[in-house]
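A.B. asks: Letter by letter, the chains look like this.
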Amino acid sequence: MGDEMPQTSTGTIPLRKFGRSDAKISALGFGGHHLGDAPDEKTAVEIIHQAVDGGITFYDNCWEYRRGKTEVWMGAGLKGRRDKVFLMTKTCPHGRDGSLALQMLEESLRRLQTDHLDLWQVHGMAFDNDAELFIRPGGAAEALEKAKKDGKVRFVGFTGHQNPKVHLAMLNTGFPFDSVQMPLNAFDANFRSFEQQVLPELNKRGIAALGMKPLSGHGDAIKHGVITVEESLRYAMSLPVATTITGIDSLEVLHQNLEIAQNFTPFSEAEMSALRERCKPDAADGRYELYKLSLKFDNPESRLAHGFPLDTQQSEVKDMLGAQMNTGHPFPEKQF
Amino acid sequence: MGCDRRNFMKGVAILGATPLISGGSMAQQQSGQSPQIPSGEVPKKPLGRTGVQVSAMGLGGYHLGSAETDQTANEIVAKALDHGVTFFDNAWEYHDGLSEERLGKALKGKRQQAFVMTKVCTHGRDKKVAMRMLEESLRRLQTDHLDLWQIHEVVYDNDPDLIFAPNGAAEALMDAKQQGKVRFIGYTGHKDPEIHLKMLSHNFPFDTVQMPLNCCDATFRSFETHVLPEANRRGIAALGMKSLGGSGELVKHGAVTPEQGLRYAMSLPVATTISGVDSMEVLNQNLGVAVNFKPLEEAEMQALRDQCRFLASDGRLELFKMTTKYDGKVGREQHHFPTVQELPL
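Protein chains in written order, with this note's numbering: chain X, 1 to 336; chain L, 1 to 345.
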């Protein structure tokens, strides 16, 4: 590397405090899901190497992304670089037992070739009963506590993209979360808004806020010319968050994102407000935030655990139906 | 079947062995074994403050377009009328007009026996589009007036703003009423009680409001809890729908039997419960419940809510609230959403 893209090797990205802890993470985070879209492992490893060199320290992943492929590729890319990064992955019990969550942790550690995670989050809080299932006796909350006590993870949190009310219900369980991940972008600001309903609560409690879907998850708004990539990323990064996680599936996207992040200056409040106003008409029915209104962005594990139908056209479902390993069983009614 | 709980549950278990759902394959297996329909009629109930009475069970129009043939649709409508069903539901966009055309043919010569409703499908577009749809609906339904005209599928968060914008669909409702083309006006939606309440907050003189009401709704993002009391308070007739989840989801997952689901919905303070029928077998099943219908006791209602609570708690059986599955083609186009094929759920 280096010759064709020298600017990425000398770059720095602003570091920010991770909630109330002393840890610091890069203001732009590397989204793990899209790593699985790279053509092969060799390319994925090269993307990770250049990302580390370019100043990205925060790495996102998840047990259920592409049936483990993205964790395996990220583990290969971080080999010899583990100490330079803040590594997060997610567990996917989706309401089922904490013991299942802990089994997933062992698999994640093995795939990622590490003995500990910096951050371990419960993935995809989506349904109205998820908070109740999380905190129940034997639920995932106990797994988070145990993993932290055993030194396998430094910090714990949860993620979700469906509904701010589900996030608030999770916070109201009283569990001591270190981080919370949510979609934050200029459309969210005016539609079932995490920015308005959840973000202030996290900042009040000193919980690290992790933004995701800065390009609203599928980039349609950019394709339709409503907003540019730079505006989208700058908007998300200008919010009071610890990092903004964005999906990276190619060196081209990496370089584009590094350039924006390395030259990042926050929008003024007037600029933020102007962008929100511009996006408002298109935000009003959620057309660019389908993750709040459909199950398109909910993984098959989550749908099966909750007894929702699968969409057999979805690539994740095809992966899953072809895979040997499949935990797709529901959470137990009796323990709920 | 009396109100004695033991008998009630026993009857339920028997029915549970052979559930019938419109659109379900089980209906085919039931040919020739029609349940006994008691002599008598489907009771009538007041339609809010309008002074008009409608049958406590209404015939859903969407499934009329799913019936195998025009002849089946004719027979369904004729038999429903014979047993006292007067409320007929439809929508401009159902099966690209086939549902309205079939109802129009089936009601030929019987128009005055029926209370005919259809819905306008502007999905945010203006009054002119609404009035053009009204003329098309009247022509297809072979009538010069509707008894009820409702704004269809108010399910997107900004729909109330678009409907009440100057020159919007709300103005079309008023104009049509003043012109005598429709007697009463209302709106429908299956998504979110908050959107329904936003519609009501405009204090527009709606005569009716249609919403999903079933044993799962009772404890999940509930129209029963949030919208029904408000409609009753305002004297607006409440019209229930999706008593079995829209495509029989409540029955297929074992939450309720068809009879339990229908009885629960019909026992709520509504003017009618609209149920889709695409075969004589399903009609017979529905009439078996609706003829001489007596509401459930509150204790029986609560038992059904409790029975469904677990399956209700994440919305898995109310896909119309949690996914895009029940959001129609025309609405998606107007809101720039992906097609049904692209985004099925």
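Calculated directly from the structure, the hints in this document are not laboratory data. Keep in mind it's a predicted model, so treat the numbers as computed, not measured. Note that CB positions come from ideal geometry on N, CA and C, so glycine has one too. It is possible that some hints are incorrect.
What the hints assert, rightly or not - Here chain L is said to cover these stretches of chain X; the calculated rule only asks that three of the stretch's residues, wherever they fall, bring their Cβ under 8 angstroms from a Cβ of chain L:
1. 127 to 134
2. 231 to 243
3. 303 to 311
A.B. asks: Now look at each hint and say whether the structure bears it out.
C.D. replies: Quick rundown of the hints versus the structure:
no.: 1; hint: 127 to 134; result: holds (count 5)
no.: 2; hint: 231 to 243; result: violated (count 0)
no.: 3; hint: 303 to 311; result: holds (count 5)
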